[in-house]
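The listed protein sequences derive, respectively, from chains Y and E.
All letters in the first sequence, in the order written, are residues 1 to 144 by my numbering.
All letters in the second sequence, in the order written, are residues 1 to 389 by my numbering.
The set of hints was computed from the structure by calculation and includes no laboratory data.
A hint or two may mislead.
Simulated pairs of lysine to any residue, SDA-like, Cα-Cα distance not exceeding 20 Å [what the hints assert, rightly or not]:
1) E:K35 / E:R6
2) E:K204 / Y:A88
3) Y:K24 / E:A126
4) E:K20 / Y:P49
5) E:K204 / Y:E114
6) E:K323 / E:Q162
7) E:K323 / E:Y164
8) E:K204 / Y:P90
9) E:K204 / E:F119
10) E:K238 / E:G120
11) Y:K24 / E:A127
12) E:K204 / Y:E89
13) Y:K24 / E:F129
14) E:K323 / E:D170
15) E:K20 / E:E169
16) Y:K24 / E:G136
17) E:K204 / Y:V80
18) Y:K24 / E:Q125
19) E:K204 / E:D170
20) E:K387 / E:N366
21) Y:K24 / E:T135
22) Y:K24 / E:A131
23) E:K204 / Y:K24
24) Y:K24 / E:D72
25) E:K204 / Y:Q83
26) E:K238 / Y:V36
27) E:K204 / Y:P82
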Amino acid sequence: MKTTPDSAAAQPMRLAPIVTPDAKFFWDAADRGELVGQRCGACQRFRFPPRPMCPHCHSLEREVVPLSGRGRVYSWIRPVHPQPFGFAEPPIVALIELAEGFRIVSNLVGIAFEDVRAELPVAVEFEATQGGHRVPVFRPVSAS
Amino acid sequence: MTRRLRQAAVAGIGATEFSKNSGRSELQLAAECSKAALDDAGLHPADVDGMITFTLDGSDEINLARCLGVKDLAYTTRIPGGGAAAAATLYQAMAVVEAGLCEVVLIWRAMNERSQYRFGQPHTQAAGFQAGNGTGSLFWCMPFGAQTPASWEALAAQRYMQRYGVTNEDFGRVSVVQRRHAATNPAAWFYRKPITLEEHQSSKWIVAPVLRLLDCCQESDGGVALVVTSLSRARDLKQPPVRIAGACQSIPYNVEVISNYYHADLATMPEAEGTARRLWAQTGLKPADMQCAMIYDAFTPQVFKQLEAFGFCGRGEAREFVKDGHIALGGRLPINTNGGLIGEAYIHGMNNIAEGVRQVRGTSVNPVPDVEHVLVSSGMAAAVLAKDR
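All chains, please: the whole structure from these sequences, using the hints.
Written out as structure tokens, the structure is:
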């Protein structure tokens, strides 16, 4: 395939997330550049992945709250083959243990694969996807 | 715990050839392997009154019953959980036979998983989503480039590698052993094609630093079927009965299929630990009572984690257990003596269960001496197959 260096359209672009009703709040917030979590409105405990009922107290009350955006690297890989859709180069896929105490799958950016270490402190930022959406990714920061 | 009204047994096994292009429909593969399993048992399709498969199987049970001429089905069900369903089909068949709800249960799994579609290619469409087979993979991984079973598996397995200092070369020893087993199995795709550890280490990365090409199961076309009936009836049939000494399932809180990232410690496999606890309690047996094991091996790290979860070695000790040769023929616990999903074929785990039956019967091409009990595990479910005494 012939690519034109100055044409953004020639570059593969990250696929948009598939949005389910129970997780819509999460992706809507990401579109605005916000990382949010779901907390039980009764017992105040976080849960992920999002769900309509609290597994601890069974309340249906739920709160969407801003998260710190800080976390640490729990595990990381680089899917090489087959080439993932939406990426020019194989991304670093990581599980991030968020400061609020639960994990999410995301990408590490701004670091070489060989330099990633367990417990590396990271902070959230957002990257564009197809269809004008955004998703959270994480960049190393100095420990706070 | 007394739970039995009567005991169940595997009376027949059947399979098509294993290939990369079957040249016929999945329904035809299903019909062929089912008829072969019934012939093996010495039963007629009209004897079948129960049918079980995976939710992911592409053949309709009514269409298959129409092929076979099944006269009156008392029970059908489909098991979710991707490959975790493999041993759970035996569990369900055992339950309905022991409860007296069915006399003859046919289990089948048939797929053109190489020529018609490929599990190993990226999964990116909601259209393919089916509840019961994991949600995280598509809804929480896909936009980040983790789009294949290998990448989902590797993200958890990397934590296991960190914890215990395990390398990809350590995992490679599983493939080397299983390819050696496949090399002497004429039914295996990799018949007469053993590999060395050096060849494993020079195969391309699929997901760095966890899985190379030779850590991954095949993509295969083919079908496998089993026939389960009561032990007393099986004793009157063509083959020596293979007792189902016990079977069970375990899905602990916050565990899910493959994109399994939310339970407390990803260096462990709580579903296999739960299955093991339940299975050993149910049967009164222990790891040392198994002469061999057929372990779901979609990817080599799953073998490590299951060896530990079932208590064949301690946590973090699979590396040494494998390195010391215990999983090879002649070792303490030969595994996947057909070559497994890596060496023989990927029929979603069911071809490994058929090999477990052959080991109890003494008809495996790679026989383990004096087999009394065989563990068959698919991670979230397992069974012990036993000689009829």
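Hints, one by one, checked against the model:
no.: 1; hint: E:K35 / E:R6; verdict: 26 Å, violated
no.: 2; hint: E:K204 / Y:A88; verdict: 19 Å, holds
no.: 3; hint: Y:K24 / E:A126; verdict: 15 Å, holds
no.: 4; hint: E:K20 / Y:P49; verdict: 37 Å, violated
no.: 5; hint: E:K204 / Y:E114; verdict: 18 Å, holds
no.: 6; hint: E:K323 / E:Q162; verdict: 18 Å, holds
no.: 7; hint: E:K323 / E:Y164; verdict: 14 Å, holds
no.: 8; hint: E:K204 / Y:P90; verdict: 14 Å, holds
no.: 9; hint: E:K204 / E:F119; verdict: 18 Å, holds
no.: 10; hint: E:K238 / E:G120; verdict: 39 Å, violated
no.: 11; hint: Y:K24 / E:A127; verdict: 18 Å, holds
no.: 12; hint: E:K204 / Y:E89; verdict: 16 Å, holds
no.: 13; hint: Y:K24 / E:F129; verdict: 17 Å, holds
no.: 14; hint: E:K323 / E:D170; verdict: 7 Å, holds
no.: 15; hint: E:K20 / E:E169; verdict: 28 Å, violated
no.: 16; hint: Y:K24 / E:G136; verdict: 15 Å, holds
no.: 17; hint: E:K204 / Y:V80; verdict: 9 Å, holds
no.: 18; hint: Y:K24 / E:Q125; verdict: 17 Å, holds
no.: 19; hint: E:K204 / E:D170; verdict: 16 Å, holds
no.: 20; hint: E:K387 / E:N366; verdict: 17 Å, holds
no.: 21; hint: Y:K24 / E:T135; verdict: 15 Å, holds
no.: 22; hint: Y:K24 / E:A131; verdict: 18 Å, holds
no.: 23; hint: E:K204 / Y:K24; verdict: 38 Å, violated
no.: 24; hint: Y:K24 / E:D72; verdict: 46 Å, violated
no.: 25; hint: E:K204 / Y:Q83; verdict: 13 Å, holds
no.: 26; hint: E:K238 / Y:V36; verdict: 63 Å, violated
no.: 27; hint: E:K204 / Y:P82; verdict: 11 Å, holds
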